[in-house]
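Read top to bottom, the protein sequences are chains A and B. Per my numbering, the first sequence starts with residue 50, numbered consecutively. Per my numbering, the second sequence starts with residue 50, numbered consecutively.
Since the hints were derived computationally from the structure, they do not count as laboratory data. Careful, some of the hints might be misleading.
Because identical chains share one entry, a pair is satisfied inside a single copy or across any pair of copies.
Said to hold, decoys possible - Listed below are the simulated DSBU-like cross-link pairs for lysine-lysine, each with C-alpha atoms no more than 35 Å apart in a straight line:
(1) Lys-376 <-> Lys-337
(2) Lys-122 <-> Lys-472
(3) Lys-376 <-> Lys-559
(4) Lys-436 <-> Lys-559
Since this is a predicted model, take the numbers as computed values, not measurements.
Chain by chain, the residues:
There are 2 protein chains.
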Amino acid sequence: MTQLITDRRDIDFILYEQLDTQALLKEEKYRGFTRKSLDMMITEARNFALKELLPVCAEGDRQGVSLDNGEVKVPPCFRRPHNLYVEGAWTSLHEPEELGGQGLPPSVARAVQEFMVGANYTLVNYANFGHGTGKMIDLFGTPEQKKLFVKKLYTAQWTGGMLLTESEAGSDVGALTTEAVKNPDGTYSLTGTKIFITNGEHDLAENIISPVLARVPGAPAGTRGISIFIVPKYWVNSDGSLGERNDIWCTGIEEKMGIHGSACCTMTLGSKGRCRGFLLGEENQGMKIMFHMMNEARLNVGFQGFVHGAVSYQYALNYARERVQGKDLTGAKDAPSVPIIRHPDVRRMLMWMKAHVEGLRSFIYYTETLFAKADLACTTEECDYYKALIELFTPLVKAYSAQRGFEVTVQAMQVYGGAGYCKEYPVEQQMRDCKIASIYEGTDGIQAMDLLGRKLVADGGKAFNYFIKQVQQTIGAAKEKNGLGHMALALENASHRLAEAAAVLSKTAKSPNVKQAFAHAFPFLEAMGDVIMGWMRLWRAVVATDALAKGAKAKDQEFYLGQIKTSEFFIHAVLPCTLGKMDSIIHMCNAANEMEEAWFGN
Amino acid sequence: MTQLITDRRDIDFILYEQLDTQALLKEEKYRGFTRKSLDMMITEARNFALKELLPVCAEGDRQGVSLDNGEVKVPPCFRRPHNLYVEGAWTSLHEPEELGGQGLPPSVARAVQEFMVGANYTLVNYANFGHGTGKMIDLFGTPEQKKLFVKKLYTAQWTGGMLLTESEAGSDVGALTTEAVKNPDGTYSLTGTKIFITNGEHDLAENIISPVLARVPGAPAGTRGISIFIVPKYWVNSDGSLGERNDIWCTGIEEKMGIHGSACCTMTLGSKGRCRGFLLGEENQGMKIMFHMMNEARLNVGFQGFVHGAVSYQYALNYARERVQGKDLTGAKDAPSVPIIRHPDVRRMLMWMKAHVEGLRSFIYYTETLFAKADLACTTEECDYYKALIELFTPLVKAYSAQRGFEVTVQAMQVYGGAGYCKEYPVEQQMRDCKIASIYEGTDGIQAMDLLGRKLVADGGKAFNYFIKQVQQTIGAAKEKNGLGHMALALENASHRLAEAAAVLSKTAKSPNVKQAFAHAFPFLEAMGDVIMGWMRLWRAVVATDALAKGAKAKDQEFYLGQIKTSEFFIHAVLPCTLGKMDSIIHMCNAANEMEEAWFGN
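Given only the sequences and the hints, what does the whole structure look like? Please build it.
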């Protein structure tokens with residue numbers, strides 16, 4: 050049977066063959082680790098995920114969360130594995146040991162999380178969620194705030210939240226109206242209502258620490274007048290002990306399509322006039338501070354989308370190998386029926402899934418290594434280079450992984466046929482759970498605007514050019530390998546065309562026809578994602594070709610040959626569609642903007 | 050507020066401007082109808098759907114079905130509207146009055162059903178489901194069988210079923226093992242278990258008549274040895290009265306992602322050795338007979354997929370007009386926030402949805418008129434011509450509508466943002482309910498094999514050429530209209546490319562490289578569907594241009610201008626992507642077949 054959750058061989062391929070994690074281990078910062086110790090940790094994660102998390106995944110979906118008098122109850126089956134997960138110190142793996150982490154390279158932390166998130170996303174998200182809040186306090190808090198909160202959040206002794214959205218302020222955060230008034234003791238009193246708050250309230254941790262966006266009286270309109278406050282569920286005294294129950298309450302939970310194990314809360318602050326919070330950083334600096342957390346959250350959501358796809362591919366592959374149905378198209382009429390993996394249309398779907406799942410895995414792990422590289426950079430220039438790439442890639446990791454991850458779950462359901470639509474099998478939950486990844490932390494459309502407006506136009510295309518040069522390096526390497534020339538040329542053509550599309554859109558976005566450009570922002574994000582997939586696939590083919598040339602063991606040979614063939618599939622069967630999409634972008638049809646509102650229909 | 054369920058103006062446009070239903074009304078067969086009487090019927094359908102069906106749509110989803118001791122209970126809220134629907138004689142509208150229908154032109158029947166299915170698919174499906182069974186008996190039954198069953202099935206006094214699938218015989222129907230042994234009285238005793246039986250058992254009708262595929266002893270292997278039997282839940286005596294409870298029982302129901310109001314049953318036949326049925330037609334002719342019902346069911350499932358999309362577009366359009374969020378991209382910084390329909394990315398999604406929903410509506414209604422034309426044809430040749438087109442289009446109506454309908458529901462959720470993921474809003478149910486349309490009655494992959502194997506290769510491309518000529522006619526007409534030339538040329542280019550792809554795939558499908566062709570069968574189905582959308586959009590633009598030239602009222606002008614602009618969007622922003630897909634098909638990358646099974650991963 051196929052491995053469950055995810056493909057360990059492929060993870061090892063990325064970490065040690067594509068991305069050279071062993072070079073990282075020579076750095077002072079990671080000296081404590083060896084390939085062997087990391088391998089053991091990933092294996093332990095896999096075992097834990099299979100033993101404790103996966104068995105309650107469907108049950109958590111069925112049980113869901115409930116709200117009783119302001120108290121949210123998570124699925125009862127989550128309690129034990131959550132406690133084991135926290136005790137096992139599986140959160141904040143890439144943070145330093147003194148803050149409760151394990152000091153892992155970020156890409157290796159992702160490998161561990163692939164098993165955890167893949168086995169049970171909503172369960173581990175409760176414990177994982179505190180990191181973003183902790184990080185923000187670590188970066189912007191006072192020494193006392195850091196001491197009180199960071200380690201407890203990193204280790205999930207307390208969990209975190211993220212209170213941005215209000216009913217009239219969703220994608221437009223600047224429209225929020227929650228108010229914060231300064232008290233004589235330096236704390237702030239908050240009043241307002243936030244909606245769609247993931248894990249805003251639950252019964253798994255002794256305290257929940259919520260960063261809240263709000264306005265102080267007289268603050269400027271829009272995002273420039275937003276401040277950020279730390280609002281604990283139970284007040285935290287200066288000695289770290291817990292004080293009184295703060296006036297922040299869950300007043301509603303949403304019934305959702307998926308992620309039923311996760312509480313999506315309406316949070317009411319100050320309904321009794323006694324909600325207190327600490328200011329983080331300076332007044333009116335809230336958006337700048339929140340963006341740090343938001344970027345982390347976006348990468349995590351993209352990762353979530355990818356993982357649902359990765360899990361679904363494993364399930365579908367397994368099913369396709371085991372499910373016997375129909376004759377082989379080229380076999381004898383009276384031959385016995387064959388596993389459906391023999392049928393060309395099933396193979397088409399599996400190849401599409403494999404090409405994207407592996408491509409996304411490479412892209413996400415690669416982006417994580419950029420964090421390590423920025424951190425280890427010797428010069429500011431070098432550091433800025435990596436940071437620029439991270440910023441460019443963030444909306445792509447978020448939206449492209451969510452989109453393609455979802456599409457993989459849909460195709461997995463098609464491989465299962467009728468069984469896939471039934472709750473008895475696991476893929477329908479993956480599909481429902483995955484859909485949210487295209488929506489929360491900024492919809493696909495918001496990510497596309499970020500990519501075009503903030504990442505392409507604002508820096509004059511600098512980061513985009515860094516990216517294109519990286520792609521060209523891989524193309525150059527591929528041209529020198531036997532048998533990869535045709536793929537290298539096809540990707541080169543696509544990357545040129547993408548650069549052309551980027552230039553046309555950027556120019557138009559700066560003109561009065563700005564709307565014309567933004568009507569193509571999301572297709573551009575998709576096209577750029579496809580080119581990134583092509584890049585990752587070509588890179589994989591280069592590594593696999595080298596490994597085969599060096600002589601590989603039989604089992605490894607199969608893996609490498611599969612890599613090259615899957616890259617061929619992506620570059621020759623998928624990328625041509627992207628060229629069509631790029632033609633459409635460059636043509637920049639403006640019909641969507643030319644429509645009068647009445648023309649859309651009655 | 051936007052109209053709910055569907056767009057009446059657009060339905061009228063298709064019926065009376067694009068398809069010339071008024072010419073049909075001059076035929077003897079339809080003389081009883083006038084535009085006015087048909088209008089009234091559609092209006093009545095709309096009112097009924099809004100008043101009785103829509104209000105229990107979400108409730109039916111929440112309540113679901115239950116199984117208690119072999120009895121299936123439908124959602125209790127369904128009972129009253131179901132009875133009203135049956136009393137109102139809303140089923141089998143295109144059948145003759147003497148058989149319980151209303152003798153409507155099939156395209157007009159679709160218009161009525163758009164409201165009914167759009168308001169509550171799972172509810173009306175119980176009553177609508179009998180038609181297929183009735184039709185099959187009408188076509189292949191003995192005079193006595195016809196008298197006993199047809200009218201009661203058409204009027205939903207009794208409902209129908211369709212018992213094909215077994216756990217080891219899904220897509221491969223020929224593998225089924227249910228057995229039928231002839232009794233001395235001419236009936237047959239059946240033994241076996243069928244799964245995934247939609248509405249196989251429920252408590253809404255006094256009897257359920259299930260056509261069952263089974264084998265008689267000594268029958269040839271595969272599909273050539275399949276016979277079809279009529280198995281009533283309660284035995285039907287020769288005077289039409291009901292006899293004893295037959296030995297056919299629901300022994301399980303599936304928990305599904307969606308269509309919760311619909312019972313998906315495991316049906317066990319003959320567990321007490323007393324399941325009786327009538328043979329329909331001759332022994333071993335079951336597949337030929339069943340195909341009539343299956344084709345009807347496939348068209349209905351495609352229609353279902355389209356309707357979920359059509360409903361979702363109406364909801365999303367309405368939401369986009371009412372939801373205020375964010376500033377206009379070209380407005381002043383301090384201007385008030387605007388409805389999200391002003392944002393280019395939201396417009397891109399709405400245009401995509403509108404282009405496809407209307408295109409699918411035209412395509413489906415057009416296909417229905419082919420039935421009327423085949424029926425009214427003066428010569429066998431003419432009749433065969435229309436039938437060939439119907440056969441060619443059936444897998445497209447089924448799979449393309451299901452695919453694009455689903456994609457519309459997904460985009461509708463994106464327009465809603467976080468609200469779309471919540472059950473409080475209607476689109477998440479539409480999305481869950483729609484997904485099944487790509488799966489049951491033959492998955493997308495099965496439809497693609499049907500298209501390539503049975504519809505393109507088997508008739509040597511004859512029907513495909515008929516289709517291409519129809520497209521060319523529209524292109525010719527468009528070239529003569531002011532302002533449509535650029536669209537006509539773009540569609541001409543796409544249709545040539547499609548013909549090229551069809552030729553390459555057909556040739557390869559007949560060669561030993563058959564698998565290479567079939568790995569591109571589904572992309573080809575999608576590309577052909579896109580070209581059909583382009584055709585329907587261009588046709589609409591031609592009609593709208595003519596109407597504008599004749600001078601239209603202000604409200605109508607808006608509609609026509611919207612038609613032309615939406616066609617522009619489809620042809621210049623969507624069709625270029627299809628050209629890329631056609632490049633990929635023609636390149637015919639064979640990587641999917643070249644993969645060794647082990648290469649797919651561990």
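Hints, verified against the model:
1. Lys-376 <-> Lys-337: between (60 Å within a copy, 20 Å between copies)
2. Lys-122 <-> Lys-472: both (23 Å within a copy, 20 Å between copies)
3. Lys-376 <-> Lys-559: Between. Shortest inter-copy distance 17 Å satisfies the 35 Å Cα cut-off; intra-copy 58 Å does not.
4. Lys-436 <-> Lys-559: within (24 Å within a copy, 54 Å between copies)
Every hint from the earlier list agrees with this structure, and none is contradicted.
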